[in-house]
Each structure stands twice: as C-alpha cells, then as structure tokens.
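Given the coordinates of chain B, work out where chain L should sit on it, guided by the hints.
Heads up: the protein sequence lines correspond to chains B and L, in order. By the count of the numbering used here, the first sequence reaches residue 466 at its end, each step adding exactly one. By the count of the numbering used here, the second sequence reaches residue 466 at its end, each step adding exactly one.
Source of the hints: derived by calculation from the structure; they are not laboratory data. Be aware that a few hints might be false.
Since the list gives no way to pick one copy over another, a pair counts as held whenever it fits inside one copy or between any two copies.
To be verified - Derived lysine-lysine pairs resembling DSSO-like cross-links, with alpha carbons at most 30 Å apart:
#1 Lys94 / Lys461
#2 Lys94 / Lys247
#3 Lys250 / Lys268
#4 Lys212 / Lys268
#5 Lys247 / Lys272
2 protein chains.
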Amino acid sequence: MKIVSAKAEYIRYQSRMVRDGEGHSHPGKPHEAKVGFLTIVCDDGTEGHAVDGNMLVDVLNRVVAPAIIGEDPFMHEHIWQRMRTWQRLHSDFTDRTLCALDLALWDICGKKCGVPVYKLLGGYKDKVPAYGSIMVGDDIKGGLDTPEAYAEFAKKLVAKGYKAIKLHTWMPPIIPNPDPKLDVKACQMVRDAVGPDIALMLDPYHDYTREQALYIADALYELGFLWMEEPMDEHSMSSYVWLNSHTRLPICGPETVEGKNRTRADWIAAGASDIGRAGTEVTGGITSVMKSAHLYESFGMNIELHGNTIGNLHVLGAIPNGEYFERGLLHPLLDYETPKPWFKSIYDPMDENGFVSIPSVPGLGWDFDYDYIKDNIVV
Amino acid sequence: MKIVSAKAEYIRYQSRMVRDGEGHSHPGKPHEAKVGFLTIVCDDGTEGHAVDGNMLVDVLNRVVAPAIIGEDPFMHEHIWQRMRTWQRLHSDFTDRTLCALDLALWDICGKKCGVPVYKLLGGYKDKVPAYGSIMVGDDIKGGLDTPEAYAEFAKKLVAKGYKAIKLHTWMPPIIPNPDPKLDVKACQMVRDAVGPDIALMLDPYHDYTREQALYIADALYELGFLWMEEPMDEHSMSSYVWLNSHTRLPICGPETVEGKNRTRADWIAAGASDIGRAGTEVTGGITSVMKSAHLYESFGMNIELHGNTIGNLHVLGAIPNGEYFERGLLHPLLDYETPKPWFKSIYDPMDENGFVSIPSVPGLGWDFDYDYIKDNIVV
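Isolated chain B, as found in the complex:
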C-alpha cells in the first residue's frame, strides 16, 4: 500500500467567530473564513483526512506531500520521525501542521484495517466524561462579560448534563490588565452557582507573574478546583517548578510550549506540573500524544488533553490515564451542537450523563459533507 497523492486545500465557510489580537476567538459578525483540509490518497483508493484551522496548507503541499508520496502509510512512525527532524530548518513547519499529516495517516490505517483508531492503538474505554470548556471572557452583553455571566452560563451547562466545567477568563485585548482577583471572583461565583459536586478547572491569562499565579492557585485550592492551566509563560519551566512547589492546587501542563513529548519528559523530571497535557491537533498528532500518555503513565501521572478534536477522543479511548474530553469552546451566544458546514454530524455528541462516545466507525470517524466540501474548496 502506497500513498499516491497528498493535497492540502481550504474549505470556505461562513464563520460567526472572530479572533482578537492575541488570537482568542469570540462571537462576531458572520464573515467568510476558511479551514484547512488535507487529503491523502493511497493506491488502493483509501483516503485519509485532517481538517483544522491551524495547519499550514502551503507547508503541507510544498514540504510534506513530495516527501510522503510513494511511502507506505502504515510506516507512519518513520514518516513522523523524518518530518519531525525536518521541522528544524523548515521554520514554518509547525507542530500543528505535523498534526494534520499524522491524523490523516492514522485515519487511513484505521479505515484500511476496518477499525476505529482507538482500537488500533489498543482500546481502553469506549466513552469518556466531557467538561464544558467556556470560551475566553469578552465584553459582549449576554456573553461572558462579568463573573455573574459565567455563573449563569455554568448553571445552564450543568442543566445540560455537564459534570465538569472549565473557565477561560479575561485576557488582553478585552481587558488590558488581567486581574487575578477578577479571575478568582468568577471562579467563586461559578462554584457557588454549581455547588460542590461539579468539577471545576481554570485556564486564565497566560502571562501572569509567579506571585499572581500563586495567588490564584491558592484561592482555587480553597474553592476545590481540580486544576489550573498555564497561568504563566511555559517557556519558563522554572516558574512552574516554583509554582508547583508552592501550591497544593494541581497544576496541569505544559500545553503550548514546543518540543512535544520530549519537553514533557523534562517537565516531569523537574516536577513542573502535577497533571500532564498535550493535544492531537497541537503537539504533533496522535503519535506524539500517545508517547506523552505512555510517558506520564510510566510516572504514575494523568494527562488531560487540550481541545475538542477527534484525535483526542481516540487517544482517550486508548489510555487509562486521561480523564476528560474538553468539549467546547462554549459561549452563551453560540450553538455548539450544530455541525460545522463541512460535517454532516458532530463527532462529539454528549449524553445526558455528560459522556461522549469514542467514534466507532473505521478510521477517525469524521462525518464529512463531501458535497459541501467539493462546492467550497479553494486553493
């Protein structure tokens, strides 16, 4: 079995999301947007895909495609390792672009074997509890503009079946000076609103000082929070070692720092976090996240996966040491349950007990609307 073509394109669609200067998304006026769509085709007709707004289409077509045509998709560890080394001098070959390649290759292998990817990896569970991941704070009336708004929204999420909720609070440019006290206030009001039995987490502004991060951590410990993510620049691992040694609140990370599973090994050795973190559309794909999961498991640690991507569901279905699926981002003015236009159905419907099932069809299990895609593909 050989790869005969690999092509990355864009799918055009109407978006209701706008990104602010720092890159965070908020509800906004409908406008045309595009999302990356990778298609890898094999000589027997098997096709694999990845779809993601962050893959670099040009890098996939210019650097990756020529390198993988003629290769056996089942030799994907070899492809992944070779592409990893190519990232060094192709400075635009991001981890998120490597993710797209990796996901499409696992999709092919699952389809060819006739099993969902999590069973290729070795199945552990077929459903996973979700947490509702609330979008970054904003200044929209009826949105997420006050601590009270978070509390109201959290109550609605619990009514929908969520047993766990994560807040993202206010960051620039919405709020020029991020405010630890305001973060704690929102967390306090959400705890009061949902009661003691809902698991809560916080992902606040990502560039606090050590002292600000510790202030929030200690306050969240008193509020019975499950963890906090990335309150400081993760390029200072020493700051996380400091924070982790000063607070009893579990710290979850790293998420965005480069280096995939190797960075995570260093964080473990340094004691920089209590709970690991990685994501299949962020840190090198399913391949790297499985390496990280095995690494954390060997050290007796859990890993919590970043983002609501389908690859995360498959990893969670294959490991004992990951608890939650991140469902979101959620916002009072947005509908999460309606599929994006390139899908016929969403892959992560949640049941009334707050669980999401791992996709059970061969491959990754995206339910693409190929007619829509064909009509809206652009280079």
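Leaving out everything else, chain L in the frame of chain B:
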C-alpha cells in the same frame, strides 16, 4: 468481535538444553521437555497464539481465561491494565505470563487487520541489525569453557555476518566464585579476535559488588565495548546510580527487576542507566515495552530489547530508538538456524549483512507446525 475461548497447554518436545541451578541453559543430553502454548479464539474464528517456556499455564487457564472470554480483543489496553492490577494478589501471575496474553492479543489484532503487528504499532523500519548473543559460560570441552573458546566462537560468528556480539560469561554453579578478571580476559580475547569494528557487549554475573562491577566497566570502556548489562542485583537501583556515575561505559538496564515501564521511569529519573532495556516476553508484553520505548524516546534514550522473541522484532520495527535484535543464545555445539519442532521455519533468519527482517505476514508471524503441535499437546 469477541473472545470465545482461551486455553494454555504444553507442547512436548525433545530438548538438548538443560538448565543449571541458577536457571541458565547449557547444551546437555536430549530429554523430554515442554513449552507453554496459549491459544485465544474469537467468535469470527481468528486465533492468536503465544509460545514460551516461561508462561504459567495454570494461571492463564485459571485466572486469565475466565476474565477475557466475551471481551473484544481490540480492547487489549483495557484487558492489559486490568490484568496488571490482578497481578498484585495473584502472586503467581508473573510478568512473563502477562506477556503471553498480550502477545496473543496483538497477534489476533494484526491478523484481523491483515497487517504485521509492527505496522499496527506504526512502522519505523523493516529490518534490524542483530547481535550474536553468546550463551552463558560452561565447562564443556568444545563449548564455552575458556576465554579462548569465546574468541574462537566470536570469529566464527563474524564469519557468518554478525557485526555485533554479546558475551555472557561464567556464573555459578559453573564457577562458584564469579571472577571479574576472567570476564575481562574473555572480553579482551574476543576484542583481539574480532578487531575494532565489531560492536561488543557484556552481560556478566548478576550479583557482583559495586566495586567488582566498576572494575569490569572501566576495563570494557578501554576495550571499546558498547554496553554492559546487569552486573549487580537490579533491586538496588542505588547501586546502578553509583556505577553509572563512576564509569564512562554505557550501562544498559534494567532487565529483570519487576515493575515494567514504571520501574524504568524511576531508573531514568535517578540516572541509573544510559540505555534502557525491556523485553516483550519478560516485562509485560508488547504493550508495556512500547510504553517503555516511548518513555525512553521522550528522554532522548535508546532501549535495547532483551531476548530473541518475535514480539521484540515487531517493537524494533516500530520505534526509532532501539538498535539491535538479540539473536541467540548461541553456542558452538548448538544449531540456532533449525526451527524448534513446533515451528516450520524460524522467524529471525539473518542475512549476510547481519540483518533480521521484521516478519511481514499479518499478526506476529509465527510459522507454526500445527500437525506437530496437535500430536504433542499435553495438559
């Protein structure tokens, strides 16, 4: 797909190997022996096997079989984790017994998917260099009774194509007092015999003192050896930290200490070895060895696999950070190239350049002689 039966039996055969009091094997008079043979059958007729002299047949039939009947073999991570926890109070549920279960399940998944197991894991390479692993020293004329005998045998191995050779030297009861100077003498004579371009390793007596181990390590460093394994009781990790900090010779381990991938995490964190070690028939099967391989990879370390088992070939085919296949044990008076009576062919033939190909048929790729097995199965 569900498991409908699991049965472990013995295959009777004529052996030319005898085990000494410490458990090491040597050539001896032909006598009847038996090897464990596990068969797991699924509702669609797919069968998986493991064959190994160290599985505990009784545990597989009494503890494991009832626990897995009705389970989906693709949910093997779940089965593996559950069985791992059962090991605690079933004190006879050894890691080697867990290996047998794990190998049979991977065999089923590969067969069902129509791909060799290393491609299920994500293929990295399709062949691997072997080292000739010379049997433990003895007192047999024409065997391995002197340093000169090792040197002569090593030259023959190089003539056959081996580019790397590992010695196991003299241990009790063959030699009541293991002798570091005699070990070094054998290593020196082998180095002189094969020249500087053949990679050499040593696996000596396993209960030396720290000082004896360091003496050998420093001497082997001068002889340009690639690594030394297990010169002391691995239950004293501190002794390995001490040894590793005192010698420049790479130390490879742990091999026999309990705890699978978790112990290996602790050894890494402590700096107890330079090169990792594990084996698919020793430390919990392919599942655990892949976790260990990912762990070592994340720390920038290699892993060298213990033993000549078929599972090791598949792991080596799926990872970038394992160099050699251990081919043996080899002895001047024994023929390694003739298959055991329960096989029609050996799975690890070596080419003239010293490479062994990863089996390419679906599943693990054992070429069983089912007629022989049927005629010689015993309970």
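Structure-based check of all given hints:
Taking the closest pair of Cα atoms, Lys94 and Lys461 come within 30 Å of each other only inside a single copy of the chain (14 Å); across copies the shortest separation is 53 Å, beyond that limit. Taking the shortest Cα distances, Lys94 and Lys247 never come within 30 Å of each other, neither inside one copy (40 Å) nor across copies (47 Å). Proximity of Lys250 and Lys268 under a CA criterion of 30 Å is satisfied intra-copy only: 25 Å inside one chain copy versus 66 Å between copies. Taking the shortest Cα distances, Lys212 and Lys268 never come within 30 Å of each other, neither inside one copy (39 Å) nor across copies (54 Å).
For the identical chains of this complex, Lys247 and Lys272 are intra-copy neighbours only, at 24 Å inside a copy versus 75 Å across copies, given an alpha-carbon limit of 30 Å.
Consistency note: the structure conflicts with the earlier hints numbered 2, 4.
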